[in-house]
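Could you slot chain S onto chain R? The hints should help.
Chain order of the listed sequences is R and S.
When the letters of the first sequence are read in order and numbered with our numbering, they come out as residues 2 to 295.
When the letters of the second sequence are read in order and numbered with our numbering, they come out as residues 82 to 603.
It should be emphasised that the hints constitute simulated quantities derived from the structure, not laboratory data.
Treat the hints with caution; some may be incorrect.
Claimed, not checked - Partner residues aside, some chain S positions facing chain R, computed with beta carbon under 10 Å:
| id | residue |
| --- | --- |
| 1 | Asp207 |
| 2 | Ser208 |
| 3 | Ala211 |
| 4 | Leu212 |
| 5 | Val313 |
| 6 | Ile316 |
| 7 | Gln333 |
| 8 | Glu383 |
| 9 | Ala452 |
| 10 | Tyr466 |
All residues carry an ideal CB built from backbone N, CA and C; glycine is no exception.
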Amino acid sequence: MSIADPEVLDAPAPVLPWWQRLLRDPAALAAALVLLVVGICAVAAPVIAPHDPFASSRAIMQPPVWAERGDWLYPLGTDGQGRDMLSRLFYGTRLTLIIGLVSVGVGGAFGSLMGLLAAFQPRLDPWVMRFVDVMLSFPAILLGLALVAVMGPGAVPVVVALAVATVPDCARIARSIAVSVMKQDYMEAGRALGVSSMTLFTRYLLANCISSIMIFISLRFGQIILIGAALSFLGLGARPPTAELGMMAAQGRDFLLFAPHIAIIPSVLIFVIVLAANVLGDALRDVLDPRLRS
Amino acid sequence: MKRLLMSSALLLVGGIAQAAEITILREVDSNNYDPHKTTSRAASEVLFMMGDTLVSLAPDMQTIDTGVAESWSVSEDGTTYTFNLRQDVQFCDGKPMTAADVVYSINRWVDPETKSPVAWRAGEVDSVTALDDYTVEYKLTAPFSELLYQLTQSFGTIIDQANVEALGDDFGVTGFNGTGPFCWESWAPRDQMVITRHDEYAWGAGFHANTGPASMDRITWQIVPEENTRTVGVITGQTQVTQYVPYIALEQLKASPGVEVVQSDLAFWTYYMGFKIDKETVSDPAVRRAINLAVDQAAMSEDLFFGVVQPAYSYVSQEALDWNAGLDDKLLKFDPAQANAILDEAGWEMGDDGVRGKDGVRLAPTAYVFAGSTWGKISEAVQAYLREIGVDMQIQAFDATVAWGKLATQEFDMYGMSFPYVSSGDALNLYFRSQNAPSPNRMNWIDDKTDALLLAGATSVTDEGRAEAYGEVLEMVHDAAVWLPLYHEPMVIAQSTDLETVVPHNIYGAGLYKGLDLKYKE
Numbered sequence: 002m003s004i005a006d007p008e009v010l011d012a013p014a015p016v017l018p019w020w021q022r023l024l025r026d027p028a029a030l031a032a033a034l035v036l037l038v039v040g041i042c043a044v045a046a047p048v049i050a051p052h053d054p055f056a057s058s059r060a061i062m063q064p065p066v067w068a069e070r071g072d073w074l075y076p077l078g079t080d081g082q083g084r085d086m087l088s089r090l091f092y093g094t095r096l097t098l099i100i101g102l103v104s105v106g107v108g109g110a111f112g113s114l115m116g117l118l119a120a121f122q123p124r125l126d127p128w129v130m131r132f133v134d135v136m137l138s139f140p141a142i143l144l145g146l147a148l149v150a151v152m153g154p155g156a157v158p159v160v161v162a163l164a165v166a167t168v169p170d171c172a173r174i175a176r177s178i179a180v181s182v183m184k185q186d187y188m189e190a191g192r193a194l195g196v197s198s199m200t201l202f203t204r205y206l207l208a209n210c211i212s213s214i215m216i217f218i219s220l221r222f223g224q225i226i227l228i229g230a231a232l233s234f235l236g237l238g239a240r241p242p243t244a245e246l247g248m249m250a251a252q253g254r255d256f257l258l259f260a261p262h263i264a265i266i267p268s269v270l271i272f273v274i275v276l277a278a279n280v281l282g283d284a285l286r287d288v289l290d291p292r293l294r295s
Numbered sequence: 082m083k084r085l086l087m088s089s090a091l092l093l094v095g096g097i098a099q100a101a102e103i104t105i106l107r108e109v110d111s112n113n114y115d116p117h118k119t120t121s122r123a124a125s126e127v128l129f130m131m132g133d134t135l136v137s138l139a140p141d142m143q144t145i146d147t148g149v150a151e152s153w154s155v156s157e158d159g160t161t162y163t164f165n166l167r168q169d170v171q172f173c174d175g176k177p178m179t180a181a182d183v184v185y186s187i188n189r190w191v192d193p194e195t196k197s198p199v200a201w202r203a204g205e206v207d208s209v210t211a212l213d214d215y216t217v218e219y220k221l222t223a224p225f226s227e228l229l230y231q232l233t234q235s236f237g238t239i240i241d242q243a244n245v246e247a248l249g250d251d252f253g254v255t256g257f258n259g260t261g262p263f264c265w266e267s268w269a270p271r272d273q274m275v276i277t278r279h280d281e282y283a284w285g286a287g288f289h290a291n292t293g294p295a296s297m298d299r300i301t302w303q304i305v306p307e308e309n310t311r312t313v314g315v316i317t318g319q320t321q322v323t324q325y326v327p328y329i330a331l332e333q334l335k336a337s338p339g340v341e342v343v344q345s346d347l348a349f350w351t352y353y354m355g356f357k358i359d360k361e362t363v364s365d366p367a368v369r370r371a372i373n374l375a376v377d378q379a380a381m382s383e384d385l386f387f388g389v390v391q392p393a394y395s396y397v398s399q400e401a402l403d404w405n406a407g408l409d410d411k412l413l414k415f416d417p418a419q420a421n422a423i424l425d426e427a428g429w430e431m432g433d434d435g436v437r438g439k440d441g442v443r444l445a446p447t448a449y450v451f452a453g454s455t456w457g458k459i460s461e462a463v464q465a466y467l468r469e470i471g472v473d474m475q476i477q478a479f480d481a482t483v484a485w486g487k488l489a490t491q492e493f494d495m496y497g498m499s500f501p502y503v504s505s506g507d508a509l510n511l512y513f514r515s516q517n518a519p520s521p522n523r524m525n526w527i528d529d530k531t532d533a534l535l536l537a538g539a540t541s542v543t544d545e546g547r548a549e550a551y552g553e554v555l556e557m558v559h560d561a562a563v564w565l566p567l568y569h570e571p572m573v574i575a576q577s578t579d580l581e582t583v584v585p586h587n588i589y590g591a592g593l594y595k596g597l598d599l600k601y602k603e
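Okay, chain R solo, but in the shape it has when bound (with noise of 0.2 Å):
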C-alpha cells in the first residue's frame, strides 16, 4: 500500500467556525445570554430603572415582591435607605461592568504589549520580564488595596488599581504565547523577506498570538469583577450614593438579620455574572484555542 493511497486516509472532519463551535455548547449559549442580559440591563439602565437609585423613600427595608409583605412598586425590595433595589442593582451592575470591562481592557492592552516587546525585541526581555515579575510578587487584591489607600477611595482608583493588577499576568501569558511564535518558519519567512518590524510585530506576531490572549483576558474578567466587588465591599471602592453591587453587599450587612434581600440579591448578581463570565471564557478558550481542537 502507498502513502498516497486515498482509501486508508481519514478524510478530516470540516472545521466549523468558532461562533458555530460555541454556540452548540448549552452552557456556553446559557452564559453568553446572561452576560448579554446583564449588559443590555447595564447599557439601558437610565431607560429601564423604574425609580432613582439614589432617591430615599419612607419605604424602608421592603421585601421584595415574593414575600409577605411585597409590593410590585419595588419588585426586589428596598434598601436600608428606602431606595428602590432594582433600580440600584441596573445601575450597580452598570457601574461594576465598567469597573471590570475598563480594568480588563487596558491592563490587558498595557500587559500584552509589554509581553509582546519582550519575546520581539530579546534585549528588552529581561528588563520587562524583571519588573513584571516585581509586581508578580504582590497580590492582586493587596496590590489594589495599597493603590487605594494611596489614592482614595473611588471608583477611578479602583479602575487603576484593577487595570495595574491585571497588567503582569497578561504580559507573561502574551510573551510566553510571542515567544513560542517568533520561533515559527512564517517569521523567519517575513524576516528574509525584508518585511518591515512594523508589520512583523503587527501582521505576524500581533495576529497569531491575539486570540490566545483574548482567551485569557475573558478568564481574567470573571475574576476582576470579584476584586472590584470585594474593594467596593471593603468601602475602599465607589462611594456613596453611588449603586455598585460591592457595595450594595456591604450596606445589605448591617440589615441582614431583618431584610436578608438587601445583602443577598446584589450578592447572587456578583456570584452570577462571575460564574457566567468564567463559563464563557472556558468555553471560548475551548473553540479559540488550535492545541484543544479535537
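Coordinates of chain S only, in the frame set by chain R:
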C-alpha cells in the same frame, strides 16, 4: 472509673475557680487613651474604668459624689476649691496616690504644651497646689459654676507622672497606670482593649452598689463595627453587655431569652453635621440655612432609628439647662420648597447635572464622617435629602483611629459628630470658643462676642446671668446655621440576664461608667 472521677473533680474545681470575665462590644475604638489628648467617647468608656477623678457623678446626672477626694470646700467668691484626698488610694502598680499626683494631672491637663482640646473644662486655672500630701488647693482666676461637674469627666483622670514620663508619646497607647477599679492589660487598636481587676480598689463612690474591688476579673472591650454582628453577639451570648445595639433590633432583643434591655432618657447626646463656615461651598449662610431646611429629621428618626431617637432641630436638647426657649419657634424644620427658594434667591443656580453652582463654585461640599454603620446611614440619608435641593454632598468616611486626626484639619466643608453634655453651657463652651478651633471648634467660628458671652456665662454667679449669656450665644449660632442638628439619642443598654441589671449612666455617654456594678447573678 477512678480516672473519670478524678477528671470530673478537676473540672468541678476548675469551674468554681473560673474567673469572672465579660466581653463588652462597641462600634469604634479611640485614637489613644491619654485623657488629655482625646475627646472620644471610646476613650472615656475605658478611662472611667482605669482611672479615678477628684469627684464623681451619680447616675441622676446631678449629684456630685466623692472620688479620690473624700470632701471639698469652696471659697465664698467661688474661685478657690480645697479638696481633701482619701489616704488609701493606690495606682495599679501599688504606688500610693498623693496630692502631688493630682497637682501633676490637672497641671498637665491645662498646660498649653499638652494641647488638650478640652483644657477649658478645667476652668480658668490660676494655680493647683498641694497644701500637704492629701490636700489640694485648686485656684481659679474667675468663678466657674460647672467646675465640679467638669472634674467628674474622664479628662480629669488622675495619672501617674512617672508612668507618663516613662512612656512618653506612648502614654495611653502602650500602657496606662491609673487608680481605677481596673488596670490596663493590653490594647490592639481597632480590635480589643483588655483590662483586669485592680484588687486593691476600695474607694468607689457611695452611689455604686459595690464600692470595690470590682466583681469582674477581666473585661474585654471588643470592637465590632457591624451592628448586625453586635446584635447576634448579644443574642448568642458572645457579649454580656453593650450599649451599641441597633434600634432595629431592640424589639427582637427584648423578646430574646437571656437578654435584657435597659434604657435611660436622661442622656443628653446629640448628633449633628457641622459646617466649616470659611469654606467657599458653605460660607454662604443661605446655603447652610437651605441645608437645614432640606433635611427631614423626623422621617430620619422614624425610618432609620425606628422612632427610638428624638429628631433634633436645636443644637442642644430643648430640655437642657439654659436652653433659650425664645428660639423654639425659630428652629429650622423640613421645608424643601423654602430651601430651594433661598438658594435661588442667593444666586445658586441649578446646573444641568442637578447640582447648583455660583461664581464657578460647584455646590458639592465634602463631608468627613466616621466609618461605621451609624454614620453610614446618617450621612447617606442627608446626602439624599441634599440632592433634592441641588447640593451634591461628597461623603468621606474614616476609621475612628484616623478620623479624629482628619477632623482636626481644614480639609473638609462639613463633618459628622455626636457629643454628650449636661447643659447648654457645656456644649457651647466645647464647640464655640475661638481658642478651640480647629478642633473641636471645627466650624472655625471665631468671634470675640461669642467668647465674651461664653466667659460671662461660665463665670456668672447667678442662674439668670448665666442663662442670659448662653441664651444669646445659642441665638447667634442658630441664626448663623453653623450646624445641621440631626437627632438626640437616648442611652440604651442590652445585657445578658446572667448579669445583675445595669444602671445606665450618662456621663459622657459611657453607659457602664466605672464598671463596679457589673456582676454575675449569684
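field: When the least beta-carbon distance from Ala452 of chain S to chain R is tested against 10 Å, hint result
entry: 7 Å, holds
- prompt: Any CB of chain R closer than 10 Å to the CB of Ser208 of chain S?
  reply: 48 Å, violated
query: Should the interface hint for Gln333 of chain S be scored as holding, given a Cβ-Cβ cut-off of 10 Å against chain R?
result: 7 Å, holds
- prompt: Hint check: is the beta carbon of Ile316 of chain S less than 10 Å from a beta carbon of chain R?
  reply: 9 Å, holds
- request: Using Cβ atoms only, decide whether Glu383 of chain S comes closer than 10 Å to chain R, and label the hint accordingly.
  value: 8 Å, holds
query: Would the hint on Asp207 of chain S stand, with a C-beta cut-off of 10 Å toward chain R?
result: This hint is violated: Asp207 of chain S lies away from chain R, its Cβ roughly 47 Å from the closest one there, beyond 10 Å.
query: Would the stated hint for Ala211 of chain S survive a check requiring a Cβ distance to chain R of less than 10 Å?
result: 49 Å, violated
- prompt: Quick one, is the Leu212 of chain S hint okay against chain R at 10 Å, beta carbons?
  reply: Since chain R brings no Cβ nearer than about 54 Å to Leu212 of chain S, farther than 10 Å, the hint is violated.
- request: Against chain R, run the beta carbon of Tyr466 of chain S and see if the smallest gap drops under 10 Å.
  value: 8 Å, holds
query: Given Val313 of chain S was flagged as interface, is its beta-carbon under 10 Å from a beta-carbon of chain R?
result: Where the cut-off is 10 Å and the nearest Cβ of chain R is about 7 Å from Val313 of chain S, the hint holds.
Going through the hint list in order, the structure does not satisfy hints 1, 2, 3, 4.
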